[in-house]
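The numbering of the sequence shown is our numbering, which starts it at 1 and goes up by one.
Incorrect hints may appear among the rest.
[Stated by the list, open to error] Computed spacing ranges between beta-carbons, pair by pair:
(1) Val175 to Gly288: 29 to 39 Å
(2) Arg108 to Gly288: 19 to 29 Å
(3) Leu241 to Arg108: 50 to 60 Å
Simulated from the structure, these hints should not be mistaken for laboratory data. For glycine and all other residues, C-beta sits at the position ideal for the given N, C-alpha and C.
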Amino acid sequence: MTSWLLLLGMMQLSSACQNISGERILGEDLARALPVFASMPADAVIGYSPAPGAARVVRFPELKRIGMKYGISAPHDSRACFEWKLATLTEGAVRSAMLRSLNAPQARVDVLAVSKSQLPDGKLEFPLSGLSVSSAVDPATPVIWHGYVLYGKTRRFAVWARVRVASTSTRVVAVEALTPGQAVGKRQVRLETYDEFPLHNEVARNLEEVVGRVPLRGIRAGLPVFRTDLVDPFQVQRGELVKVTAISGAAQVELDAVAGNSGRRGDMITVANPRSGKTFAARIEGPGKAVVISGPAGLLGRVQ
Numbered sequence: 001m002t003s004w005l006l007l008l009g010m011m012q013l014s015s016a017c018q019n020i021s022g023e024r025i026l027g028e029d030l031a032r033a034l035p036v037f038a039s040m041p042a043d044a045v046i047g048y049s050p051a052p053g054a055a056r057v058v059r060f061p062e063l064k065r066i067g068m069k070y071g072i073s074a075p076h077d078s079r080a081c082f083e084w085k086l087a088t089l090t091e092g093a094v095r096s097a098m099l100r101s102l103n104a105p106q107a108r109v110d111v112l113a114v115s116k117s118q119l120p121d122g123k124l125e126f127p128l129s130g131l132s133v134s135s136a137v138d139p140a141t142p143v144i145w146h147g148y149v150l151y152g153k154t155r156r157f158a159v160w161a162r163v164r165v166a167s168t169s170t171r172v173v174a175v176e177a178l179t180p181g182q183a184v185g186k187r188q189v190r191l192e193t194y195d196e197f198p199l200h201n202e203v204a205r206n207l208e209e210v211v212g213r214v215p216l217r218g219i220r221a222g223l224p225v226f227r228t229d230l231v232d233p234f235q236v237q238r239g240e241l242v243k244v245t246a247i248s249g250a251a252q253v254e255l256d257a258v259a260g261n262s263g264r265r266g267d268m269i270t271v272a273n274p275r276s277g278k279t280f281a282a283r284i285e286g287p288g289k290a291v292v293i294s295g296p297a298g299l300l301g302r303v304q
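Could you build the full structure based on these sequences and the hints that come with them?
Printed below as a string of structure tokens:
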């Protein structure tokens with residue numbers, strides 16, 4: 001019997017509680033709970049808000065102390081109760097928050113289960129950082145996505161959901177085996193549409209990302225092509241004749257030189273003047289072009 005009376009009292013207390021929406025209980029909250037305090041400043045701090053699911057009760061002795069500060073007399077039987085407004089996590093809210101984070105027009109989210117705890121009123125977020133998956137996960141595999149409700153100004157209430165996530169997208173697939181070191185031709189690859197886990201960003205989506213580039217490893221026919229497996233072709237090949245511009249102060253000279261090694265824009269290579277036999281370092285500027293690093297007087301003599 002005593003337990004039932006205690007439970008009834010808690011239910012009555014909860015039903016009489018004033019909902020709050022900030023990290024502190026303010027004068028305006030107290031005034032809504034007890035109109036006798038309507039004349040006190042709305043931004044006066046009464047105390048810290050309770051944790052979600054708990055209630056803070058301000059009883060007469062504390063109300064008397066607060067009232068004396070502002071010339072207000074509270075009735076002897078006065079008390080005020082404050083708690084966060086709580087809600088249940090819904091599949092619709094979860095799906096909307098996840099789609100907002102994915103920012104992919106073709107993404108689909110199938111919600112399988114959600115955390116059952118009561119939530120404070122706030123903004124539901126499922127950041128991508130809360131989605132820990134391996135690179136091998138597919139759209140049919142359920143994953144756990146951790147999120148939170150942002151309430152008050154800085155407080156977070158943790159939530160989770162078990163979901164399947166998929167997106168219809170395009171990818172580049174090898175039509176025939178791609179050889180490492182050889183530029184990919186148009187007829188060697190094709191574009192296909194497929195369902196994927198939307199965070200697989202390393203796969204090549206367009207033919208322009210692949211054609212003309214060079215695989216770092218062999219790629220078998222029928223496999224997708226990943227951007228991380230490709231590099232730009234060499235802009236200077238070993239043994240190729242390179243137009244070199246040598247600059248020293250205000251003076252400069254151009255000459256043809258033979259590349260001692262291959263490289264791309266920005267790479268340092270060794271080149272040799274075929275007339276004098278002198279070798280020197282130069283930086284690749286573009287296809288068949290290089291520049292000698294600026295140096296002291298006498299540089300031009302070392303390259304000619």
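Evaluated hints:
| no. | hint | verdict |
| --- | --- | --- |
| 1 | Val175 to Gly288: 29 to 39 Å | holds, 31 Å |
| 2 | Arg108 to Gly288: 19 to 29 Å | violated, 49 Å |
| 3 | Leu241 to Arg108: 50 to 60 Å | holds, 56 Å |
The structure fails hint 2 only (numbered hints given earlier).
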